[in-house]
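> Each chain, written out:
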Amino acid sequence: MSYSLAELTQGLDIVIQGDPECRIHGVATLNQAQSGELAFLSNPLYKKYLPATQASAVILSADDAQVCLVNAIICKNPYFVYSRIATRFERKTKPLPGIHPTAVVGKNCSIDPSASIGAHCSLGDDVKIGPQALIGPNCVIGDHCEVGEGSQLHARVTLYHEVLIGKRVIIASGCVLGSDGFGFSKHQGVWHKVPQVGRVVVEDDVEIGANCAIDRGAIEDTVIGTGVKLDNLIQVGHNVRIGEHTAIAGCAGIAGSAIIGKHCLIGGGTGVGGHTTIADNVAVTGMTAVTKSIREPGIYSSGVGGLVTNQEWRKHSARVHQLARLVERVKTLEEALKKFMGETAS
Amino acid sequence: MSYSLAELTQGLDIVIQGDPECRIHGVATLNQAQSGELAFLSNPLYKKYLPATQASAVILSADDAQVCLVNAIICKNPYFVYSRIATRFERKTKPLPGIHPTAVVGKNCSIDPSASIGAHCSLGDDVKIGPQALIGPNCVIGDHCEVGEGSQLHARVTLYHEVLIGKRVIIASGCVLGSDGFGFSKHQGVWHKVPQVGRVVVEDDVEIGANCAIDRGAIEDTVIGTGVKLDNLIQVGHNVRIGEHTAIAGCAGIAGSAIIGKHCLIGGGTGVGGHTTIADNVAVTGMTAVTKSIREPGIYSSGVGGLVTNQEWRKHSARVHQLARLVERVKTLEEALKKFMGETAS
Amino acid sequence: MSYSLAELTQGLDIVIQGDPECRIHGVATLNQAQSGELAFLSNPLYKKYLPATQASAVILSADDAQVCLVNAIICKNPYFVYSRIATRFERKTKPLPGIHPTAVVGKNCSIDPSASIGAHCSLGDDVKIGPQALIGPNCVIGDHCEVGEGSQLHARVTLYHEVLIGKRVIIASGCVLGSDGFGFSKHQGVWHKVPQVGRVVVEDDVEIGANCAIDRGAIEDTVIGTGVKLDNLIQVGHNVRIGEHTAIAGCAGIAGSAIIGKHCLIGGGTGVGGHTTIADNVAVTGMTAVTKSIREPGIYSSGVGGLVTNQEWRKHSARVHQLARLVERVKTLEEALKKFMGETAS
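Protein chains in written order, with the working numbering: chain X, 274 to 619; chain L, 274 to 619; chain V, 274 to 619.
Be a bit skeptical, because a hint or two may be false.
Which copy? The list can't say, so a pair holds if one copy fits it or any two copies do.
[What the hints assert, rightly or not] Straight-line alpha carbon distances no greater than 30 Å define the calculated DSS-like cross-link-like pairs of lysine-lysine that follow:
#, residue 1, residue 2
1, Lys459, Lys612
2, Lys440, Lys365
3, Lys349, Lys565
4, Lys535, Lys321
5, Lys565, Lys367
6, Lys349, Lys612
7, Lys466, Lys612
8, Lys535, Lys440
9, Lys565, Lys321
10, Lys401, Lys349
11, Lys349, Lys320
12, Lys365, Lys349
13, Lys401, Lys440
FYI, nobody ran anything at the bench for these hints, they're computed from the structure.
Nothing here was measured: the structure is a model prediction, and the numbers come from that model.
So that you can see chain X by itself, here it is in the shape it has in the complex (with noise of 0.2 Å):
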């Protein structure tokens, strides 16, 4: 299966240079690639592989494009535009459309012809499947959840009861979407269970990654807003909200009632903390403490950072803990100046 560079970028924004009848079968990194091959050039880092790439094009900057040896396509976003042309070279098979045999569907369920439902799933009563949509094998969807057109839950993903997925949503592998939150009453030294009535809602265009955690809310329900992008491995609370396009990586905790506002990047392994409030178009970097809100866009980290040897990261801390002592040096030092120049100065 091969297309041509002019067949690959039809109704792109783009600019070919060179031979828009050149085939290209698969694409790959401008280091690896090999003739029949596209690359792209986005991260800076990776420039020095240009000059001698062989791929037989590349997707690239006008500023770039300069330096090429082989064909280019010329945009404005090349990953944007790869990002385009590279799902012609996606090995995935589609699943056929139908309930497998081995599927377990409740009653009263709504499951629209054209979608998917895969083996040894469990499917509880009233579900509603939209058209196009994929269950994967293995997936357990709890009473009255609703997967809207062409969402894909992957393997082995739960939906707790009341759990609603939007339209062209993904969901990993492994998640739990609708568990129970966090919420435990203590009395007389014991914890009692608060029930945790309220629901997720996953909005349009989600992407969940793999093994992902998000509570069901506690009263209110618990939203995912439309366009967010969550990776690996990500717990969120109860009665979370996160908002429209915000993307956060992998490893990141969510506690619960914190409302995280639009077009927010969280880094990796950072935790927010329980109800606390990010404004739009915040960036808080990698395992960031987010003990308090957030009220004005910028980028945010918490503590003192810098990776350093042990050895010196021992030294850091001690003189971290003695910093109360040469405070106290220093206030010594000024009072002893200021009685000595008054003493010299009468």
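Take the given structure of chain X and dock chains L and V to it, following the hints.
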């Protein structure tokens, strides 16, 4: 389905201010509640919503009741009273007793007739499932496991062999209990697996959140004590013992052989180091590195905190890295002043 | 089932001090061992239990053997020798060869007759399962996957399409391998999915803990090298390459395109930044942020550590935030002293 305030509060240690016959058909937050709904006020953050609440009744303290314009359920612990009442408004359906025809059950199992085994479950040999226990769809339970009376495994839980679950335990979807601990011995530059022959013992009234991983003991057992509450995506290493009624928030990692006391609170994203011991009644704030044992009750943290802009963070980091130089300058000043004072005095 | 010390140690490089015919029926810790049980001493933390141990024999070093009052198995690496012997006392049952009747197998699969495919598994098309391989219940394996000789997937593992597993690999329950990497291009304020067309390659003798998530490559493959050991709940991003015999502890997150060397040790909860490179033989302590490449062997950490009371932590944090002021005060002092000394001298 609606209830009067009198019905809802029967047997609870409360006082009704207003109309005990007021009908309630659901729960809601103070802010969102409509007529016919019940709210509660516990976190002072939300007190601002009390004056204008549309709730038909509010559960709150005697102090807050003075400014409550609607029916009030007055009590010492509003969150606890709410947790008792809210169970009436859960919309979960309880699975029917019996073994689903698609479940695979090994030899010599003892499954109480009142227990429920969901679709596509796989049970090994010599498994015991107690009365009223609920095993969700697609669970896998290994040989010689026991699940006590009234306990619930939600969908897609794995118990490896010899995992013992007490009574009234709740385990959320995606959890894995009894996987091999991270035990390897290095020999000639290569890691060799150390057999993990201990078990996992989960005592009564424990709740474990979604996608947690709890390893079996290397030799002795890994033990989760009575009433312990674990949030989502928590790792518990081999041989760990967690004391009664301790609560651990999401994304925490407890390394092997750590021993955590009773009634502790461990914040989200916290890491507890291997072979450390934490006393009873210790609280550890979120994202702390517990690098050594904690012998006394109290609140603990690590590193240096504070959420700041990334620009400030860079400056703080640079200054900490330059602390050695600052200490040197102070020392030089001290010596210069001392010498100068000596000279001037002479 | 019991063995003599002579039988247990056959072929191992050890010396028996005491009775080689002593019968052993199980393993236990030094502290808990009873008569008939074998213990080992490797971590000096536990040496205090040696004098009073009730074990019938102890595996230990020549030095420690001098104070051992019971039978001793003397060797250079007691933990390694223990790991060899303890395999005799595992109580795991090996599943029978063959394909469980409830498993669903696609077209054109090649499953060795000595392999075992558990209940409720779903295999895609063109899957190869090697001799003696064990696929636990409820696993999902995509098209074109390969699982090598003697490898084991525990219950509920997902392999997406084109995931290649070498020989003698162990993958714990709940793992997901081959999910799409976190690749999105932003165009007009909205994230667009970038197709992830690489594979996951897991080389021989790898072990992966419970609930890990390992993404497929964006273009090239994600590669887990020979003998690598991953603990639980670890995230491995797209294009990551982990070198041979590296061990990574629980809850670590490796961002996309990171390259980790051979024989590294990565502590629990550590985050490795995207596009960073870590040299061979590097150790990184727990909860470190690896924000840049590490070019030299050694031990590395980030930030400022030290577990302290929360009260002290608040003071340390405040002092760090006031460091700019302290630097200013020292500068003022230096200038004042210099000026004053100049004046006094003149």
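> Is it within, between, both, or neither for Lys401 and Lys349, if the alpha carbons may be no more than 30 Å apart?
neither (41 Å within a copy, 43 Å between copies)
> If the cutoff is 30 Å on CA atoms, where do Lys440 and Lys365 land: within, between, both or neither? Let me know, please.
both (20 Å within a copy, 25 Å between copies)
> What label fits Lys466 with Lys612 when the C-alpha limit is 30 Å: within, between, both, or neither?
For Lys466 and Lys612, neither the intra-copy (64 Å) nor the inter-copy (69 Å) Cα distance is at most 30 Å.
> For the identical chains here, do Lys349 and Lys612 meet the 30 Å Cα criterion within one copy, between copies, both, or neither?
Intra 67 Å, inter 59 Å, cutoff 30 Å: neither.
> Given identical chains, is Lys535 near Lys440, meaning Cα to Cα at most 30 Å, within a copy, between copies, both, or neither?
within (19 Å within a copy, 44 Å between copies)
> Treating 30 Å as the Cα threshold, decide for Lys365 and Lys349: within, between, both or neither.
So Lys365 and Lys349 pass the 30 Å test inside one copy only (29 Å; across, 51 Å).
> Please work out whether the CA atoms of Lys349 and Lys565 approach to 30 Å or closer within one copy, between two copies, in both situations, or in neither?
between (38 Å within a copy, 29 Å between copies)
> Are the CA atoms of Lys565 and Lys321 at most 30 Å apart within a copy, between copies, both, or neither?
between (42 Å within a copy, 19 Å between copies)
> Have a look at Lys565 and Lys367 and pick one of within, between, both or neither, based on CA distance no larger than 30 Å.
So Lys565 and Lys367 fail the 30 Å test inside a copy (45 Å) and across (40 Å) alike.
> Classify it for me, Lys535 with Lys321: is the Cα-Cα distance of at most 30 Å met within a copy, between copies, both or neither?
between (35 Å within a copy, 26 Å between copies)
> Check Lys401 against Lys440 for me: Cα-Cα at most 30 Å, and say if that holds within a copy, between copies, both or neither.
Answer is within; shortest intra-copy Cα gap is 12 Å, inter-copy 35 Å.
> Treating 30 Å as the Cα threshold, decide for Lys459 and Lys612: within, between, both or neither.
neither (58 Å within a copy, 63 Å between copies)
Hints 1, 5, 6, 7 and 10, counting from the list given before, are not met by this structure.
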